[in-house]
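What follows is each chain in one-letter form.
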Amino acid sequence: METILFYVLAVVTLISAACVVFLRRPLHNVLFMILTMIGLATLFILLHAEFLAMVQIIVYAGAVMVLFLFVIMLLNLEEISLPKEPRPLRWGFGVILALALVVVLFPIFSHFTPSVMGKAAPATGNVSNIELIGTELFTTYLLPFEIASILLLAAIIGTVVIGRKLKN
Amino acid sequence: MVTLEHYLVLSALLFSLGIVGVMFRRNLIVILMSLELMLNAVNLSFVAFSRYLGSIEGQIFVLFVMVVAAAEVAVGLAIAVAVFRQRGTININDISLLKW
Numbered sequence: 690m691e692t693i694l695f696y697v698l699a700v701v702t703l704i705s706a707a708c709v710v711f712l713r714r715p716l717h718n719v720l721f722m723i724l725t726m727i728g729l730a731t732l733f734i735l736l737h738a739e740f741l742a743m744v745q746i747i748v749y750a751g752a753v754m755v756l757f758l759f760v761i762m763l764l765n766l767e768e769i770s771l772p773k774e775p776r777p778l779r780w781g782f783g784v785i786l787a788l789a790l791v792v793v794l795f796p797i798f799s800h801f802t803p804s805v806m807g808k809a810a811p812a813t814g815n816v817s818n819i820e821l822i823g824t825e826l827f828t829t830y831l832l833p834f835e836i837a838s839i840l841l842l843a844a845i846i847g848t849v850v851i852g853r854k855l856k857n
Numbered sequence: 033m034v035t036l037e038h039y040l041v042l043s044a045l046l047f048s049l050g051i052v053g054v055m056f057r058r059n060l061i062v063i064l065m066s067l068e069l070m071l072n073a074v075n076l077s078f079v080a081f082s083r084y085l086g087s088i089e090g091q092i093f094v095l096f097v098m099v100v101a102a103a104e105v106a107v108g109l110a111i112a113v114a115v116f117r118q119r120g121t122i123n124i125n126d127i128s129l130l131k132w
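Each protein sequence line maps, in turn, to chains A and B.
Those letters in the first sequence? Residues 690 to 857, by this note's numbering.
Those letters in the second sequence? Residues 33 to 132, by this note's numbering.
These are calculated hints, taken from the structure and not from any lab test.
Mixed in with the good hints, there may be bad ones.
Residues on chain B that point at chain A, a partial pick, calculated with CB under 7 Å [said to hold, decoys possible]:
1. Val34
2. Leu42
3. Gly53
4. Met65
5. Phe96
6. Ala103
7. Val107
Computed footprint of chain B on chain A, listed as stretches where at least three residues anywhere in the stretch have a Cβ under 8 Å from a Cβ of chain B [as the list claims (entries may be wrong)]:
8. 700-713
9. 720-730
10. 745-755
11. 790-796
12. 816-828
13. 832-843
Ideal placement from N, C-alpha and C gives every residue a C-beta, glycine not left out.
Next comes chain B alone, as it looks inside the complex:
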């Protein structure tokens, strides 16, 4: 029997993998991908709650999360391309102008 807890644990593990990617990769595009991973982990727990609590609101919210994620990816990749044109690199250690 698969319970709600199974899905929550899987979702938490996926989210943590995304955090590892965001914190310890230096490649801007891989960091964007890890962000997607985290959003998807959240989506999974939304859908699991929607199923186990018997309400459709969770799935509606997942749709909105997907909209935001798609917009974020499009703008983020455009920024990555623009940064690459300016600096010739997408290593985030070299793009540290705003970092204190």
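The shape of chain A in the complex, shown without the other chains:
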């Protein structure tokens, strides 16, 4: 059951990720990106990371992708001429190059045979995922947590300053 679920989710995620990269219209890219995020969130649930799955849906599918949509609507990219994409020949060259990169970058492919390798995941305990993350986050990783909030504050201020309309 888990195996079937994994393969279905993996195929959906990969196909929608390919649509994000290869479709021409930015609006379609964003919608398929949302599908990719939801696929990843379900994969997180499959990995018993329920808290991260919820965060993934709320932050990525909810906030980040709405931000993308908002900017695309704001710039009205559908009507302004879409940027010229490279010729098919160059596309083919690029895809071949990327495949070569996959083989070089990720040694995992050179010895991957499904259903033979590896072992199953260890059983999870009774403690809930959220409790574990909360305990770690507010004890061991308290300083990085606070620094992250400062980073977010800096990003907010920076965004407002950059996005402000200049008067002259």
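Fit chain B to the given chain A structure using the hints.
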């Protein structure tokens, strides 16, 4: 049975798709989206390792990656809007002032 290798292969494929997007699209917003795709691929392998090695640190790190990704998207899109106001385009071939 789903092993760690399955997740790593899926993550590697997603990452490579993101690389293709960053290298061969000319639209600034799509490039930002491909960056998000790459970050998410890394997140997936973090969570898979966290599950199969039985430690929670991977998931903590994913939270921080998400924070950085959200900040990056907000600033990146603000820059895209500012560039569009200045130049009237977001085709990266036309925004090549700093390119040698």
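Hints and how they fare:
1. Val34: holds (5 Å)
2. Leu42: Holds, because the Cβ-Cβ distance from Leu42(B) to chain A comes to roughly 5 Å (cut-off 7 Å).
3. Gly53: holds (4 Å)
4. Met65: holds (5 Å)
5. Phe96: Because about 6 Å separates Phe96(B) from the closest Cβ in chain A, which is inside the 7 Å limit, the hint holds.
6. Ala103: Status holds, d = 4 Å.
7. Val107: holds (5 Å)
8. 700-713: Three-residue rule met by the segment 700-713 of chain A, so holds; n is 6.
9. 720-730: holds (count 4)
10. 745-755: holds (count 5)
11. 790-796: holds (count 4)
12. 816-828: holds (count 5)
13. 832-843: holds (count 5)
Checked against the numbered hints given earlier, the structure satisfies every one of them.
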